[in-house]
Amino acid sequence: MQFRKTTKEYAAEPGEIEDIVKHFAAEMTKELDVLVKSVVWFGSAVSGGFRPGKAGLRDEILFGSDIDVLIIFDDMINILNPEVITAYRVVTERIAAKISRRLHVTTMPITKFWDYSLKGDPILINMLRDGNAVYDAGCFGMAKKMLGSKKVKPSREIIWIYLKRGPMSISNAKWNMREAVLDLYWAVFDAAHSALLHHEIVPDTPEQLVLLMKHHLVQNGIIHKKYLSLVSEFMNVGKMLMSGEVQKVSGDHYDRYRKSAEDFMHVVKDIIKSR
Numbered sequence: 001m002q003f004r005k006t007t008k009e010y011a012a013e014p015g016e017i018e019d020i021v022k023h024f025a026a027e028m029t030k031e032l033d034v035l036v037k038s039v040v041w042f043g044s045a046v047s048g049g050f051r052p053g054k055a056g057l058r059d060e061i062l063f064g065s066d067i068d069v070l071i072i073f074d075d076m077i078n079i080l081n082p083e084v085i086t087a088y089r090v091v092t093e094r095i096a097a098k099i100s101r102r103l104h105v106t107t108m109p110i111t112k113f114w115d116y117s118l119k120g121d122p123i124l125i126n127m128l129r130d131g132n133a134v135y136d137a138g139c140f141g142m143a144k145k146m147l148g149s150k151k152v153k154p155s156r157e158i159i160w161i162y163l164k165r166g167p168m169s170i171s172n173a174k175w176n177m178r179e180a181v182l183d184l185y186w187a188v189f190d191a192a193h194s195a196l197l198h199h200e201i202v203p204d205t206p207e208q209l210v211l212l213m214k215h216h217l218v219q220n221g222i223i224h225k226k227y228l229s230l231v232s233e234f235m236n237v238g239k240m241l242m243s244g245e246v247q248k249v250s251g252d253h254y255d256r257y258r259k260s261a262e263d264f265m266h267v268v269k270d271i272i273k274s275r
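Quick note on the working numbering: the sequence shown kicks off at 1 and runs consecutively.
None of these hints come from the bench; they were simulated from the model. Wrong hints could be hidden among the right ones.
[What the hints assert, rightly or not] Derived pair list, reagent style DSS-like, types lysine-lysine, alpha-carbon separation capped at 25 Å:
(1) K98 to K22
(2) K98 to K119
(3) K153 to K119
(4) K239 to K225
(5) K112 to K30
(6) K174 to K239
(7) K174 to K259
(8) K30 to K119
(9) K164 to K145
(10) K259 to K225
(11) K259 to K273
(12) K174 to K226
(13) K119 to K164
(14) K164 to K153
(15) K225 to K273
(16) K214 to K273
(17) K145 to K174
(18) K214 to K269
(19) K164 to K174
(20) K150 to K22
(21) K269 to K226
(22) K164 to K98
(23) K214 to K239
(24) K248 to K269
(25) K150 to K112
(26) K214 to K225
(27) K112 to K151
(28) K259 to K214
(29) K174 to K225
(30) K269 to K259
(31) K119 to K151
(32) K174 to K153
(33) K174 to K248
Given these sequences and hints, build the entire structure.
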């Protein structure tokens, strides 16, 4: 079978993208044979309903970063061992790199595929609903038919699994906010340090930073005194976050800290450029 080749950096139409995926599937089945059970193309270009003149979707297809492909492989055969799995990964990466840098490949064992299908995992249901199998030994097509006949639907187990993810995600969000403010602390700390180093002043300890800024930068009119208060506040906040005294940070506080840190960075940059 011959596949159309495109010289463009990005394929312009779903048909061209599908040819890339078919080429990839042909190479995979040629090298890995019975290991590969299905190669499925999914994502916005499949489900979006491309039509000439539909600029928004065309731009998405032209400039989208990935062509999403699912490979279902047989993990029930006797030859499967760590060496075979390693070889599979090497072959998959080599073929994908040769055909298109846009290919984003996800691999799923056939046992997991059926487990997720029968439990009605929402992510897999979306793949079944929108996916286009360019190669299929039967498992993807069978699951797709089961979805159409409503034999694949979310189980009570999967409903509770997704519900239990909520508190963890909220906890992660709080942690990420805390880490984001710590990053701002280090940005302010490094900027203040660079301003002192620019004037050949080297703090012996982090605690000396505010005092040295006051004596050498504020009192000499190099930097406004409000930035001394800003650095002092960040030093206190950073210390409380690192010691665990403060466990979470609100979105409003983060926004204020970010704006203050960006402002201070610009001021220090101007100081260094001016001399």
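The hints, checked one at a time:
1. Our distance criterion of 25 Å between C-alpha atoms is met by K98 and K22, whose separation comes to about 14 Å.
2. Straight-line distance between C-alpha atoms of K98 and K119 comes to about 36 Å, which puts the hinted pair past the 25 Å bound.
3. In summary, the hint linking K153 to K119 is supported, as the alpha carbons are separated by about 7 Å, within the 25 Å threshold.
4. Straight-line distance between C-alpha atoms of K239 and K225 comes to about 22 Å, which keeps the hinted pair within the 25 Å bound.
5. In summary, the hint linking K112 to K30 is supported, as the alpha carbons are separated by about 24 Å, within the 25 Å threshold.
6. Only pairs whose Cα atoms come within 25 Å are accepted, and K174 paired with K239 is accepted, the gap being roughly 18 Å.
7. With a C-alpha separation of about 20 Å, the suggested pair K174 and K259 falls inside the 25 Å cut-off, and the hint holds.
8. A distance of roughly 32 Å separates the Cα atoms of K30 and K119; the hinted pair therefore is violated under the 25 Å criterion.
9. Only pairs whose Cα atoms come within 25 Å are accepted, and K164 paired with K145 is rejected, the gap being roughly 30 Å.
10. Of the supplied pair hints, the one linking K259 and K225 holds, its CA atoms being roughly 17 Å apart against a limit of 25 Å.
11. Restraint check: the Cα-Cα separation between K259 and K273 comes to about 21 Å, which is no more than 25 Å; the hinted pair holds.
12. Proposed proximity of K174 and K226 is contradicted: the alpha carbons are some 29 Å apart, above 25 Å.
13. Among the hinted pairs, K119 with K164 is consistent with the structure: their alpha-carbon atoms are about 16 Å apart, no more than 25 Å.
14. Between K164 and K153, the direct Cα distance comes to roughly 19 Å. Compliance with the 25 Å bound is thereby established for this hinted pair.
15. The suggested pairing of K225 with K273 holds, with an alpha-carbon distance near 20 Å, which does not exceed 25 Å.
16. At roughly 21 Å between alpha-carbon atoms, K214 and K273 fall within 25 Å of each other, so this suggested pair holds.
17. Restraint check for K145 and K174: not satisfied, since their Cα atoms lie roughly 42 Å apart, outside the 25 Å limit.
18. Only pairs whose Cα atoms come within 25 Å are accepted, and K214 paired with K269 is accepted, the gap being roughly 18 Å.
19. As the CA atoms of K164 and K174 are separated by approximately 17 Å, the hinted pair is consistent with the 25 Å bound.
20. The hinted pair formed by K150 and K22 fails the criterion: a straight-line CA distance of about 29 Å is larger than 25 Å.
21. Pair hint K269 plus K226 holds up; C-alpha atoms about 17 Å apart against a cutoff of 25 Å.
22. Between the alpha carbons of K164 and K98 the distance comes to roughly 41 Å, so the proposed pair goes past 25 Å and is violated.
23. Between K214 and K239 the alpha-carbon distance is near 20 Å, which keeps this suggested pair within the 25 Å criterion.
24. For a cut-off of 25 Å, the pair hint linking K248 to K269 is broken: about 30 Å separates their Cα positions.
25. Restraint check for K150 and K112: satisfied, since their Cα atoms lie roughly 20 Å apart, inside the 25 Å limit.
26. A hinted pair counts as satisfied when its Cα atoms are at most 25 Å apart, and K214 with K225 qualifies at roughly 8 Å.
27. Restraint check for K112 and K151: satisfied, since their Cα atoms lie roughly 17 Å apart, inside the 25 Å limit.
28. Between K259 and K214, the direct Cα distance comes to roughly 22 Å. Compliance with the 25 Å bound is thereby established for this hinted pair.
29. For the hint linking K174 to K225, the alpha-carbon distance of about 32 Å lies beyond 25 Å, and the restraint is violated.
30. Taken as a hint, the K269 and K259 pair is honoured in the structure, with Cα atoms around 15 Å apart against an allowance of 25 Å.
31. Between K119 and K151, the direct Cα distance comes to roughly 10 Å. Compliance with the 25 Å bound is thereby established for this hinted pair.
32. The straight-line distance between the Cα atoms of K174 and K153 is roughly 33 Å, outside the 25 Å bound, and the hint therefore fails.
33. A C-alpha spacing of about 6 Å is found between K174 and K248, which places the hinted pair at or below 25 Å, so the restraint holds.
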